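A.B. asks: Throw the hints in and build the complete structure from the sequences for me.
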Amino acid sequence: MIAEGLTALEALGLAVRCEMDARALYQNLASRIDNDLLKERFLNLAQEEKRQQLLLEKKHREMFPEVELEIPPCQLPREVLEKTPGKELTIQEVLKTALEEVRRAREFYLDCAETTGDLSGKRMFRFLADMKFSHQMMLTAELEMLEKYPAYYEGPGSWEVETRLKAPRIKR
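Using this note's numbering, you'd call the opening residue of the sequence shown number 70 and step up by one each time.
Don't read these hints as lab results, they were simulated from the structure. Computed from a prediction, not measured in an experiment: that's the story for all the values here. Check the hints yourself; a few may be wrong.
[Claimed, not checked] Calculated pairs, SDA-like style, for lysine to any residue (alpha carbon to alpha carbon, straight line, at most 20 Å):
1. K108 to T185
2. K191 to L78
3. K191 to Q116
4. K128 to T185
5. K119 to R172
6. K128 to L83
7. K191 to T76
8. K119 to E131
9. K165 to Q205
10. K127 to Q116
C.D. replies: Following this line, the structure appears as structure tokens:
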């Protein structure tokens, strides 16, 4: 539930921060993965977050044309975005953090949709909550793949052992 007394202006600032944090998480995940297909998935999610951020900024300009958008500080744990070797979290830990952030953002958007009196704002927050739910399902699937097939994230070279185990074809 969103904080009592949170204004529409503050909610928009928090929503923009949610999108910025999610984008940073997806870019971080993409930078850690050798598998080109997965890297592309996370970069696409980062682009979606940027589009959602722009949507929120546009809504802010429409609702508060005279007020500068104030964005709160990053809410992500510093170690999630850490690039120093040895201090980095595992892909699994970053995925779990991303999943938790997406869940929190979705709940926040659902609460905003319930409390806002503006119909277009209500529709926008519901749309964003639905987008977060689709991201949640995708991240859950990726986490399950990582747990079942850790080599999946290491790129095509990680599967070479299986290809060597195949029996050679005999020409007849």
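A.B. asks: Hint numbers the structure violates, sorted upward?
C.D. replies: 1 and 3
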